[in-house]
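Q: With chain A held as given, fit chain B onto it using these hints.
Take a look at the letters that make up each chain.
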Amino acid sequence: MRAVLVGHPNVGKSVLFNALTGKYVTVSNYPGTTVDVAQGTGRVRGHLVEFVDSPGIYSLVSHSEEEKVTRSLLLQSPGVLIQVADAKNLARTLSLTFELSELNIPMVLCLNMMDEADSWGYRIDAERLSEILGIPVVKTVATTQEGLEELRKSLFQAAPPKWKNSYPPEVQRAIRNLQAELPDKLRFISALLLQNHTPPEDFPLLPPQISGRIAHCLENIRRRFLRPLPAIFIESRREQAALVLAEVLTSPAAPFSVPAGRGLQVLGQWCLRPWPGYLIAVLALWALYEFVGVLGAQIAVDFLENTVFGGTVNPVLTRAVHLLVPWPFLRDMLIGDYGVFTMALTYAFALILPIVTTFFLALGFLEDTGYLPRLSVLLNRAFKIIGLNGKAVLPMILGVGCGTMALLTTRILDTKKERILASFLLALAVPCSAQLGVIFAMTAGLSGSVFALWLFVVVATFLGAGWVSSKLLPGAPAPFLMEIPPMRLPQMKNLLTKVASRLKWYVWEVVPLFIYGTLALYFLDALGWLGAVERFCAPLITGLLGLPEKATEAFLVGFLRRDYGAAGLYQLQRQGLLSLRQSAVSLVAITLFMPCIAQWFMSVKERGLKVTLAISGLVIFYALLVSAGVNQILLALGWS
Amino acid sequence: MDVNKKYPIPSTEEEDVEQALGILWTQFEQGVIKKSELEALLQEAIRPGILEDLIQGGFVSQTDGNLCMSGKGLTIAHDMARRHRLAERLLTDVLELPREQIDPNACRLEHVITRDVENAICTLLGHPQACPHGFSIPPGECCMKALKHTGPIVAPLSSMLEGQEGQIVYLSPHNRPELHRLLSMGLVPGSVVRVVQTSPAVVVSTPDGILAMDPVLADHIFLRRKNGAGAHHEKQ
Numbered sequence: 001m002r003a004v005l006v007g008h009p010n011v012g013k014s015v016l017f018n019a020l021t022g023k024y025v026t027v028s029n030y031p032g033t034t035v036d037v038a039q040g041t042g043r044v045r046g047h048l049v050e051f052v053d054s055p056g057i058y059s060l061v062s063h064s065e066e067e068k069v070t071r072s073l074l075l076q077s078p079g080v081l082i083q084v085a086d087a088k089n090l091a092r093t094l095s096l097t098f099e100l101s102e103l104n105i106p107m108v109l110c111l112n113m114m115d116e117a118d119s120w121g122y123r124i125d126a127e128r129l130s131e132i133l134g135i136p137v138v139k140t141v142a143t144t145q146e147g148l149e150e151l152r153k154s155l156f157q158a159a160p161p162k163w164k165n166s167y168p169p170e171v172q173r174a175i176r177n178l179q180a181e182l183p184d185k186l187r188f189i190s191a192l193l194l195q196n197h198t199p200p201e202d203f204p205l206l207p208p209q210i211s212g213r214i215a216h217c218l219e220n221i222r223r224r225f226l227r228p229l230p231a232i233f234i235e236s237r238r239e240q241a242a243l244v245l246a247e248v249l250t251s252p253a254a255p256f257s258v259p260a261g262r263g264l265q266v267l268g269q270w271c272l273r274p275w276p277g278y279l280i281a282v283l284a285l286w287a288l289y290e291f292v293g294v295l296g297a298q299i300a301v302d303f304l305e306n307t308v309f310g311g312t313v314n315p316v317l318t319r320a321v322h323l324l325v326p327w328p329f330l331r332d333m334l335i336g337d338y339g340v341f342t343m344a345l346t347y348a349f350a351l352i353l354p355i356v357t358t359f360f361l362a363l364g365f366l367e368d369t370g371y372l373p374r375l376s377v378l379l380n381r382a383f384k385i386i387g388l389n390g391k392a393v394l395p396m397i398l399g400v401g402c403g404t405m406a407l408l409t410t411r412i413l414d415t416k417k418e419r420i421l422a423s424f425l426l427a428l429a430v431p432c433s434a435q436l437g438v439i440f441a442m443t444a445g446l447s448g449s450v451f452a453l454w455l456f457v458v459v460a461t462f463l464g465a466g467w468v469s470s471k472l473l474p475g476a477p478a479p480f481l482m483e484i485p486p487m488r489l490p491q492m493k494n495l496l497t498k499v500a501s502r503l504k505w506y507v508w509e510v511v512p513l514f515i516y517g518t519l520a521l522y523f524l525d526a527l528g529w530l531g532a533v534e535r536f537c538a539p540l541i542t543g544l545l546g547l548p549e550k551a552t553e554a555f556l557v558g559f560l561r562r563d564y565g566a567a568g569l570y571q572l573q574r575q576g577l578l579s580l581r582q583s584a585v586s587l588v589a590i591t592l593f594m595p596c597i598a599q600w601f602m603s604v605k606e607r608g609l610k611v612t613l614a615i616s617g618l619v620i621f622y623a624l625l626v627s628a629g630v631n632q633i634l635l636a637l638g639w640s
Numbered sequence: 001m002d003v004n005k006k007y008p009i010p011s012t013e014e015e016d017v018e019q020a021l022g023i024l025w026t027q028f029e030q031g032v033i034k035k036s037e038l039e040a041l042l043q044e045a046i047r048p049g050i051l052e053d054l055i056q057g058g059f060v061s062q063t064d065g066n067l068c069m070s071g072k073g074l075t076i077a078h079d080m081a082r083r084h085r086l087a088e089r090l091l092t093d094v095l096e097l098p099r100e101q102i103d104p105n106a107c108r109l110e111h112v113i114t115r116d117v118e119n120a121i122c123t124l125l126g127h128p129q130a131c132p133h134g135f136s137i138p139p140g141e142c143c144m145k146a147l148k149h150t151g152p153i154v155a156p157l158s159s160m161l162e163g164q165e166g167q168i169v170y171l172s173p174h175n176r177p178e179l180h181r182l183l184s185m186g187l188v189p190g191s192v193v194r195v196v197q198t199s200p201a202v203v204v205s206t207p208d209g210i211l212a213m214d215p216v217l218a219d220h221i222f223l224r225r226k227n228g229a230g231a232h233h234e235k236q
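Top line first, the protein sequences correspond to chains A and B.
Number 11 in my numbering belongs to position 11 of the first sequence; there are no gaps in the numbering.
Number 1 in my numbering belongs to position 1 of the second sequence; there are no gaps in the numbering.
So here's chain A without its partners, still in its complex pose (with noise of 0.2 angstroms):
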């Protein structure tokens, strides 16, 4: 058996599904987070039934990926539906389950945090609820796992909802029509297709040859109706919501007061406005930086890598290595400079590792608690200036640090150019953490004048680039429209079950790609390329940018290990290589140089070969101009 979880974002699905099948997911507060459909198997009453967890959506109706994964999800593998609903929002909860029951499938409608609905002094009468939709309506509180043997039973008196909408006479005509232009099979589908504003050929399931047909007959159908369809649709379905609601609800007088943790949702107010909200944002940011940046990318890196791998680890591994790999070739892929075991592992575990593991425990706990919508709605604005909106708050943050994760993060936004424009923007202009750390160890021996320079020219690139490239990439911006949840306290042990799942992804997604980037690298290495792109390159660096030429190795290394680049750099600054000048060039040349090579990957993987390259072109020519610039400025104010 199959069931399949639906409901808007944030009722707590993910927390739902993880109790009903034991497996690890991701579970947050922010807005379309379950960026990957999530399935897993539980045993209920002896029978294995496999579970699935669909992205938050508002309506079958689609207009962002979440939607479109849903419907398609629906569309095409019926099983149990199981709408989880947050108990405390009737109205629109059953304003979905009406859209549904559409579908025909078995359902069950799980009413979810039923603690809050009853602190907040909502009474529901499940029963009669249940006798009016004709399917199980069974109350969970998914945090504590109550009621989740109940609506374990429930799934096998699932059944197709005996709920019929009673939409106005002239839609109710207009489905009947468009059900006689349909296959037998595909009549339920007339509603969906009136309210759409996708094609027809968009729609799974409908065969490509009546397609057409279909859009002919819809657009004759749109004619006839003064209004959008859709607002008919939903204002409709919402009348009678309230209909039903009349009968099973009970709720509190008055309907904007909050009961329940009235100090966390004064701060969460707080957080909104611009007093003290942007206060609270710098802490939040200067608390994020010495969780991540210093206790993360700095104490742990130190002693993982240096204690651990550099003392322990790699040395053991050295000598296995020697004692059971006779060829020199295989050894050096091991345990070489460019080895799997020397570079990537140690790079993935000792470097990055601790510095991801920080910053997903401090994510999560900001998820949790819903305060990240709030830090969209306050940068919104500055945002705009970029052609993005306050969603990208996320991806950006999170490029902070990790841009490899970050990419990931950007399938939140809701079109393609804000998509595109926020991977080139990470790839460009954020710099990550790893590198941070020795961007920040770089600047701190030199005069404060090279770091504002250096703050400078990253600002005003982030700002100028994203405003330049907002202009050029057709489309227009989607406006800001964003659900902003209450308030809560995180709970530790979702937290940690957030951040297990998150680690766990890292290592089978993101660690892979740093071996195969280590390889290629080997290899290039072994055939002597490496030392002839080096030849190639170095004019470059010694006369645009007019570093030393030993620099460049730690910009082509730089393409692999972020930091590894800045640490080159470093290398050659402490060796009294590098003058202020120098240092200068260099350190705005390694930050918007390329990113490594996992990002790279993951860039090919989210946006395209042909995306990634373009934005691999025009990062390295911009950096090379503006580092080439920078240069030329300060030999023209004399610094040597």
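Since the hints were derived computationally from the structure, they do not count as laboratory data.
The beta carbon of each residue, even a glycine, is placed where N, CA and C say it ideally should be.
Take these hints with a grain of salt, some might be off.
Which residues of chain B face chain A? A partial, calculated answer using Cβ under 7 angstroms [as the list claims (entries may be wrong)]: (1) 69; (2) 70; (3) 109; (4) 183; (5) 184; (6) 186; (7) 197; (8) 201; (9) 203; (10) 208; (11) 209; (12) 210; (13) 211; (14) 213; (15) 216; (16) 219.
A: Chain B alone, transformed into the frame defined by chain A:
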């Protein structure tokens, strides 16, 4: 709909008079008062001889080759202009009819709209000042009353102040894909929302939860005000 074929619409004697007075009102607004020019215009728009009928009926008088409306004529012309332009607003903003259908339909409606309906439409639309073409809508009793008490009753969400509460009357993002998103997030006609803050984004509390949006979107959501600053004015 066959409005396109029968426009200008054949009509009764009474409707012709109303129509003609409405046209004169618009021409007078623009400063055209010469009898010769107006006669030609009316002849083309309605029928030959209509101006004579107006003069004989005591709706219009003439001095020195210029036309002037009598009290009786002025009342009808005022009502016609007001109803026509309100109808245009209704058809454009709320019903979202294609542009070419606005005028023919408004021309029909102006004759059948009664005083009560006229004022109800005016109130629904928030006592608008101008029609979609930019002509000013002559104010009616309802506008006077409303101005004395609360200012426009129906106003876009973007014009509301923090703490104000209102009931959504209609949404008008013309065929924008966001319309559906707004609706499915709970901003449906009839639901009551409260403005939590207006900057840096508009934040509203709805029965479905708290929503934040760009001011651009808030321009398209029209509410009937309930309390807050509006009620405050009333007390003063």
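Q: Can you list which hints this structure breaks, lowest number first?
A: Failing hints, ascending: 1, 2, 3 and 16.
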